[in-house]
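Protein sequence lines, in the order shown, are assigned to chains L and F. Just so we're aligned, residue 9 is where the first sequence starts under our numbering, counting upward by one. Just so we're aligned, residue 350 is where the second sequence starts under our numbering, counting upward by one.
Worth flagging that the hints you see were computed from the coordinates, not collected in a lab. Each residue gets a CB set at the ideal place from its N, CA and C atoms; glycine is no exception. Fair warning: there could be bad hints in the mix.
[Stated by the list, open to error] DMTMM-like mimics (lysine to aspartate or glutamate), calculated; alpha carbons at most 25 Å apart, straight line:
#, chain 1, residue 1, chain 2, residue 2
1, L, 353, L, 462
2, L, 68, L, 153
3, F, 657, L, 462
4, L, 388, F, 706
[Unchecked claim] Short, incomplete list of chain L residues facing chain F, as computed with Cβ under 7 Å:
#, residue
5, 27
6, 29
7, 33
8, 36
9, 37
10, 71
11, 74
12, 154
13, 155
14, 283
15, 424
16, 426
17, 427
18, 429
[Claimed, not checked] Computed, partial: chain L to chain F, Cβ under 7 Å:
#, residue
19, 183
20, 184
21, 185
22, 412
23, 414
24, 415
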Amino acid sequence: MVNENLVKDVVKEPYKYGFVTDIETEKIEKGLNEDIIRLISQKKEEPKFLLDFRLKAFKKWQKMKEPDWSGLGYKKIDYQDIIYYSAPKQKEKISSLDEVDPKLLETFDKLGIPLTEQKKLTNVAVDAVFDSVSIATTFREELAEHGVIFCSISEAVKNHADLIEKYLGTVVPASDNYFAALNSAVFSDGSFVYIPKGVSCPMDLSSYFRINSGDSGQFERTLIIAEESSSVSYLEGCTAPMFDTNTLHAAVVELVALDDASIKYSTVQNWYAGDEEGIGGIFNFVTKRGKCLGKRSKISWSQVETGSAITWKYPSCLLLGEESVGEFYSVALTNNLQQADTGTKMIHIGPKTKSTIVSKGISAGNSKNSYRGLVKMGTKAKGSRNYSQCDSMLIGDQASANTFPYIKSQQPNSEIEHEASTCRISEDQLFYLQSRGIEFEEAVSMMVSGFCRDVFNQLPMEFAAEADKLLALKLEGSVG
Amino acid sequence: MEIIEKIKTNKSDDNLTEIQKICLHKLQSNPLPNPKSELWRLSNKSKLSNSLDYSVNEKYSKFDIPYPKNSQSTIRLIIGENCQINLIEKNYSIEQLSEDELQKYIKEQISFFKQNENWSHLLNLSLSCKNNILGLKINGSKIPPIEIFSQASSNSLTAKTLVIFLEKNCDAELLQVNLGKENSSLSQSTFFCLKENSSVNHGVVSYGENRSNLLNSLNVIQQKNSAYNLGSLHFKFNYARFEISIKQSAGNAKTNIKGMQITKNDEQISTYTKIEFNGPNGFLDQINKSLADDKSHAIFEGSIIVPKIAQRTDASQLSRNLLLSNLAQIDTKPQLEIIADDVKCKHGATISQLNEEELFYMRTRGITLTEASKLQLSSYFQEIIAFIPISKDKWDLLDKLLNEN
Numbered sequence: 009m010v011n012e013n014l015v016k017d018v019v020k021e022p023y024k025y026g027f028v029t030d031i032e033t034e035k036i037e038k039g040l041n042e043d044i045i046r047l048i049s050q051k052k053e054e055p056k057f058l059l060d061f062r063l064k065a066f067k068k069w070q071k072m073k074e075p076d077w078s079g080l081g082y083k084k085i086d087y088q089d090i091i092y093y094s095a096p097k098q099k100e101k102i103s104s105l106d107e108v109d110p111k112l113l114e115t116f117d118k119l120g121i122p123l124t125e126q127k128k129l130t131n132v133a134v135d136a137v138f139d140s141v142s143i144a145t146t147f148r149e150e151l152a153e154h155g156v157i158f159c160s161i162s163e164a165v166k167n168h169a170d171l172i173e174k175y176l177g178t179v180v181p182a183s184d185n186y187f188a189a190l191n192s193a194v195f196s197d198g199s200f201v202y203i204p205k206g207v208s209c210p211m212d213l214s215s216y217f218r219i220n221s222g223d224s225g226q227f228e229r230t231l232i233i234a235e236e237s238s239s240v241s242y243l244e245g246c247t248a249p250m251f252d253t254n255t256l257h258a259a260v261v262e263l264v265a266l267d268d269a270s271i272k273y274s275t276v277q278n279w280y281a282g283d284e285e286g287i288g289g290i291f292n293f294v295t296k297r298g299k300c301l302g303k304r305s306k307i308s309w310s311q312v313e314t315g316s317a318i319t320w321k322y323p324s325c326l327l328l329g330e331e332s333v334g335e336f337y338s339v340a341l342t343n344n345l346q347q348a349d350t351g352t353k354m355i356h357i358g359p360k361t362k363s364t365i366v367s368k369g370i371s372a373g374n375s376k377n378s379y380r381g382l383v384k385m386g387t388k389a390k391g392s393r394n395y396s397q398c399d400s401m402l403i404g405d406q407a408s409a410n411t412f413p414y415i416k417s418q419q420p421n422s423e424i425e426h427e428a429s430t431c432r433i434s435e436d437q438l439f440y441l442q443s444r445g446i447e448f449e450e451a452v453s454m455m456v457s458g459f460c461r462d463v464f465n466q467l468p469m470e471f472a473a474e475a476d477k478l479l480a481l482k483l484e485g486s487v488g
Numbered sequence: 350m351e352i353i354e355k356i357k358t359n360k361s362d363d364n365l366t367e368i369q370k371i372c373l374h375k376l377q378s379n380p381l382p383n384p385k386s387e388l389w390r391l392s393n394k395s396k397l398s399n400s401l402d403y404s405v406n407e408k409y410s411k412f413d414i415p416y417p418k419n420s421q422s423t424i425r426l427i428i429g430e431n432c433q434i435n436l437i438e439k440n441y442s443i444e445q446l447s448e449d450e451l452q453k454y455i456k457e458q459i460s461f462f463k464q465n466e467n468w469s470h471l472l473n474l475s476l477s478c479k480n481n482i483l484g485l486k487i488n489g490s491k492i493p494p495i496e497i498f499s500q501a502s503s504n505s506l507t508a509k510t511l512v513i514f515l516e517k518n519c520d521a522e523l524l525q526v527n528l529g530k531e532n533s534s535l536s537q538s539t540f541f542c543l544k545e546n547s548s549v550n551h552g553v554v555s556y557g558e559n560r561s562n563l564l565n566s567l568n569v570i571q572q573k574n575s576a577y578n579l580g581s582l583h584f585k586f587n588y589a590r591f592e593i594s595i596k597q598s599a600g601n602a603k604t605n606i607k608g609m610q611i612t613k614n615d616e617q618i619s620t621y622t623k624i625e626f627n628g629p630n631g632f633l634d635q636i637n638k639s640l641a642d643d644k645s646h647a648i649f650e651g652s653i654i655v656p657k658i659a660q661r662t663d664a665s666q667l668s669r670n671l672l673l674s675n676l677a678q679i680d681t682k683p684q685l686e687i688i689a690d691d692v693k694c695k696h697g698a699t700i701s702q703l704n705e706e707e708l709f710y711m712r713t714r715g716i717t718l719t720e721a722s723k724l725q726l727s728s729y730f731q732e733i734i735a736f737i738p739i740s741k742d743k744w745d746l747l748d749k750l751l752n753e754n
């Protein structure tokens, strides 16, 4: 019989990104109303179309109700008690990274994010977002040589307003859901990527989101456009300090892939999850959606979700173009009182479209881990295929694992396959590993890692290592 | 509110049984199910309201049974026919439940009912008059197969209720046939209580006619070491719902379910199952098949609930669907809710059409396309039909499905 306590101990690991950077910040007053939205827009010197977009979204948000269908239990959020704009004070315009506040650079260094350009070996361009603003983007010149635009969304609004106006809100309309409407009204910063026709992005692009302030929410918005025959791999990471209050994070990510383009979007989410009693932690309500507009386009989501007190996230693909492909690979690990409700939506609209879903959920402690997905074959999705696999692993008898796949088909000439299973750490396998001299802790870690292998294999090199390390860390700890 | 008024105008308050009063009271605040709730979200609202439009009929009218009684050994009962049964043989006994037993059991079940989740049961029990409730206590073994028929009368809404107690160590085979009449609605509620070590092969065949509707709900409580096998088939209904709720009250029980629904024209047939394991070592093997053709809509939603107490549960659920037309629709949602950690649970779902390669192979062997499709369909149907007790030797369901429907 496996000692339950041993396994529980193994999944305990203190949160190591919980420090706060002591930096002077500029904050606006708490609350949400039209004036606040105008103020945010004014601070960011935005054109009129964007202010109109925000105000329209705000009006819609006011009429909407906070969704409760996911059954996530959390304290009611007071939307008037949140600061909607917070930015580290720095010089007006930064011409090079040397001018960035060293404290900020230090923060990102501590997080293991290389912002200084001498660390070119990593070959990853990073856009670092601190609270509400992007503070630096690396490798811009190199990327510009290839015509790739990689900058913060605020900069893109100024320099590439035409692209923003054309694509913003086309994948996730402001009225899509409660949190998307809120984000559309108050989004502060985020990343913008544009890959021109025929360009394969020479390096991985990455955004790193850091919440530093305890009372402000983070509402970033990411927009990635891949023109014909282009390709890009984008990575996203997130951490936050430990506060005993809950912080709201409501992001929107929109991807557009045109003919033959491919976008790979990977996330390692490690927001602060709250303590063992469930105090504090980030409420992570995110809307991520990709539109495969072009023929043979491909969007692939991979995510490792280990943080946040509450996760509510369904990265989706709208497969419009003929023969377009959508993929979703996910590992969600919940511990203590964390709640994760995550999954995907694959909407097959065009003919011969294909989608693959692989989701692995691990629940430990008193946590709740749900997979919720939708696969829909529209009437025109002739010859389309979907394959879904959702596996759950339970550690301890207090954790819960739920699977809610919705499958809808209106096209006879399409195929949908779904399978799900639930298991625990097998005693036989543990016994075998231990009998071979592998320590209990390492054996559990190996088995969890093996359970997630299908997903880790889909992550880019840099992230696969990080994800493995992250899970190992979460599973490391005092044994016995 | 209309439906409640309808029941009340039909009878004075004094004529209502206590159960009817309790159920009416439960329905009073929300007479219709919430269309936004998960169980009713996909249900066709206008079809539901049309099916409730008929006047309530409590009278029994004679009807033709679709196949003759060709074996003396079968026990045949018709709900509403005012049948009295009291069979006490050497090996077995089939007795009518006393009024008290019936009331007590139904009341106990009602106390767990929720307005949305058990709306069909509540409606049935508020409509069912004494004559239309049949309660049986079955005991012993080597019991001859039992057939129980329910039928709606034309142009009316009829409610029939069946309560069955399977006593300890009892082993029975029971086929329930629900017949729809043209322009009619049948509300059928069945309650099964399986005592320790009992087992039953339960068949449900619901066969409609044009524009007939069916609200069929089944509630099963399984005690320790009981085995419940259900084979069900629903077809030819304009609108039909089959709601199954099975509770293994102390675990250590076995449940096997094989169900199928076939929709054509603009029909809508849905199956909802909820299986709860309230004890350890439970077992479930479930397969649900749907076939949707023309403009029809088939729905399956199945949930498996494994709380902390239900360690070592072994549950599997499979939803297989055939979509045969561009205008038809299939929705399926198998779901698992698990808290116990030492469990084996899995589910699967597929939606596809007839296998083209197999069709091609048969055609190269000189079989026509129609024949080849029929062959494929018959193998698809056969798995379920073979599981329905009694029917297989006397009622050629397969032939009915392939040729008539």
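Could you tell me which of the numbered hints above are not met by this structure, giving the numbers in increasing order? Hint check: 2, 3, 5, 6, 7, 8, 9, 10, 11, 12, 13, 14, 19, 20 and 21 fail, others pass.
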